[in-house]
Amino acid sequence: MEMTCKLIAFGIARDILGGKISQISLNEPYTVQGLLETLKSEYPRFEDLASIKVAVNTEYAPMDLILGPDDEIVLIPPVSGG
Amino acid sequence: MEMTCKLIAFGIARDILGGKISQISLNEPYTVQGLLETLKSEYPRFEDLASIKVAVNTEYAPMDLILGPDDEIVLIPPVSGG
Amino acid sequence: MDPLLIQSGRDTVEIQAGALDPAQAIAAVTSPNCGAIDVFIGTVRNQTKEKPVLRLEFEAYEEMALKEMKKIIEKTRKQWPVQHMAMVHRTGILGIGEIAVIIAVSTPHRAASFAACQYAIDTLKETVPIWKKEIFEDGEVWVAAHP
Amino acid sequence: MDPLLIQSGRDTVEIQAGALDPAQAIAAVTSPNCGAIDVFIGTVRNQTKEKPVLRLEFEAYEEMALKEMKKIIEKTRKQWPVQHMAMVHRTGILGIGEIAVIIAVSTPHRAASFAACQYAIDTLKETVPIWKKEIFEDGEVWVAAHP
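Residue numbers (the working numbering), protein chains in the order written: chain A, 1 to 82; chain B, 83 to 164; chain C, 165 to 311; chain D, 312 to 458.
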């Protein structure tokens with residue numbers, strides 16, 4: 001079964017997706033890893049980044065975390081504050 | 083021959099000498115080391131200090147420096163700025 | 165010294181679009197219990213790898229960035245006897261010489277203030293979700309995005 | 312980086328009886344060539360070895376102290392690529408929480424700013440002829456005078 005997620009993106013991830021908020025359809029088991037694989041196949045420019053992480057509900061998420069439909073899912077490209 | 087020097091003292095050295103400016107009579111060869119030995123024998127409290135240095139004309143002076151009558155001679159007890 | 169001895173610690177964590185004021189950060193960490201304050205100020209440089217920079221643009225995932233900054237303060241307090249700590253970051257468009265970040269730390273003695281402050285800025289640059297875009301005459305680049 | 316690359320360095324070296332202002336020291340070292348400023352602020356602590364301190368009194372052999380402070384800046388510049396550097400020390404009677412010393416250093420990148428600033432304060436405490444007296448309720452002590 002497919003699940004549609006809302007994705008929030010910052011920095012270069014926003015540029016790659018063409019906007020701060022976008023939708024993506026995931027297949028089971030809806031893991032963070034699955035999300036990243038889907039993203040990279042649909043938007044190959046993610047492959048070029050030094051890293052790409054996912055935050056779920058404002059915390060860095062491990063690759064095996066299962067995403068739910070109400071989670072706040074945010075793409076975190078390499079940070080560069082300071 | 084004796085030479086009379088003007089001594090300037092700061093911090094605890096001023097307290098030991100009883101004033102910022104004092105006079106001391108030195109015997110030849112008028113070295114910094116000779117000055118310190120004379121001082122310590124006349125004012126034994128200098129023996130108790132963690133260190134005592136001498137500045138001559140605003141520079142730390144080596145022990146073998148020969149003092150002249152016009153030098154600005156300053157006693158430098160352990161510094162504690164900052 | 166046991167860092168846990170410091171009971172009355174005060175943390176200041178902010179992300180703001182307006183100009184940052186070092187005097188305010190210093191006032192926030194000044195303490196009668198401390199002999200030392202170290203303050204790190206990150207400013208906008210006019211060049212990167214010898215290429216002239218016109219300005220920077222910072223954006224933050226604010227809710228998470230504030231949480232990550234608080235985590236850094238917690239981790240810093242576990243390693244050094246920090247009394248008060250302030251960590252403020254600016255967002256938006258910054259001109260050359262403007263302040264992007266301030267970290268201020270007060271400690272009883274000076275060695276810890278340097279170590280704690282340096283740890284905090286090093287960690288901020290690794291973990292806090294804030295992004296910096298450099299604007300050049302002929303284009304722009306998200307810093308650190310590519311290897 | 313070769314520290315000698317920095318040609319336009321500006322040094323601020325002062326000893327004064329009036330209150331010290333960190334904002335002024337920071338302004339003195341801010342530079343468009345630099346991404347980092349580290350500022351050390353030494354403040355008067357309310358205790359020493361757990362004994363309450365009422366106030367401090369600083370005195371300086373001013374002419375020599377200024378010379379020694381300039382030497383520290385020269386030695387710092389030989390080791391790190393310092394752009395601008397400010398070193399100001401207060402004299403007279405200081406109450407708890409007041410600022411006794413400020414050292415501010417600007418460098419292109421941050422690691423050097425911490426190292427240079429820490430070296431400068433460590434060296435100041437060893438070589439600059441300034442003396443501090445701690446005033447307690449029941450007496451007073453010249454700090455570090457005795458082993």
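Since the hints were made in silico from the structure, they are not lab data.
Heads up, some of the hints might be wrong.
Unchecked claim - The calculated lysine-lysine pairs, modelled on PhoX-like cross-linking and capped at a C-alpha distance of 20 Å, are:
#: 1; chain 1: B; residue 1: K135; chain 2: D; residue 2: K444
#: 2; chain 1: D; residue 1: K362; chain 2: B; residue 2: K102
#: 3; chain 1: B; residue 1: K135; chain 2: D; residue 2: K378
#: 4; chain 1: A; residue 1: K20; chain 2: C; residue 2: K235
#: 5; chain 1: A; residue 1: K53; chain 2: C; residue 2: K297
#: 6; chain 1: B; residue 1: K135; chain 2: D; residue 2: K436
#: 7; chain 1: A; residue 1: K53; chain 2: C; residue 2: K215
#: 8; chain 1: C; residue 1: K289; chain 2: A; residue 2: K53
#: 9; chain 1: A; residue 1: K53; chain 2: C; residue 2: K242
Claimed, not checked - Reference excerpt, derived from the structure (chain D facing chain B, CB under 7 Å, subset only):
#: 10; residue: E374
#: 11; residue: L377
#: 12; residue: V439
#: 13; residue: I441
#: 14; residue: I446
#: 15; residue: F447
#: 16; residue: P458
What the hints assert, rightly or not - If you want the ones that stay clear, here's a sample from chain B, every Cβ over 10 Å from chain D, calculated:
#: 17; residue: G101
#: 18; residue: P111
#: 19; residue: Y112
#: 20; residue: E119
#: 21; residue: K122
#: 22; residue: D130
#: 23; residue: M145
#: 24; residue: I148
#: 25; residue: G150
#: 26; residue: P151
#: 27; residue: D152
#: 28; residue: V156
#: 29; residue: S162
#: 30; residue: G164
If you're wondering where the values come from, they're calculated on a predicted model, not measured in any experiment.
The beta carbon of each residue, even a glycine, is placed where N, CA and C say it ideally should be.
Verification of the hints:
no. : hint            : verdict
1   : B:K135 / D:K444 : holds, 19 Å
2   : D:K362 / B:K102 : violated, 29 Å
3   : B:K135 / D:K378 : holds, 17 Å
4   : A:K20 / C:K235  : violated, 26 Å
5   : A:K53 / C:K297  : holds, 19 Å
6   : B:K135 / D:K436 : holds, 15 Å
7   : A:K53 / C:K215  : violated, 29 Å
8   : C:K289 / A:K53  : holds, 15 Å
9   : A:K53 / C:K242  : violated, 26 Å
10  : E374            : holds, 5 Å
11  : L377            : violated, 9 Å
12  : V439            : holds, 5 Å
13  : I441            : holds, 3 Å
14  : I446            : violated, 14 Å
15  : F447            : violated, 16 Å
16  : P458            : holds, 4 Å
17  : G101            : holds, 14 Å
18  : P111            : holds, 25 Å
19  : Y112            : holds, 21 Å
20  : E119            : holds, 20 Å
21  : K122            : holds, 15 Å
22  : D130            : violated, 6 Å
23  : M145            : holds, 17 Å
24  : I148            : holds, 20 Å
25  : G150            : holds, 18 Å
26  : P151            : holds, 20 Å
27  : D152            : holds, 16 Å
28  : V156            : violated, 6 Å
29  : S162            : violated, 4 Å
30  : G164            : violated, 4 Å
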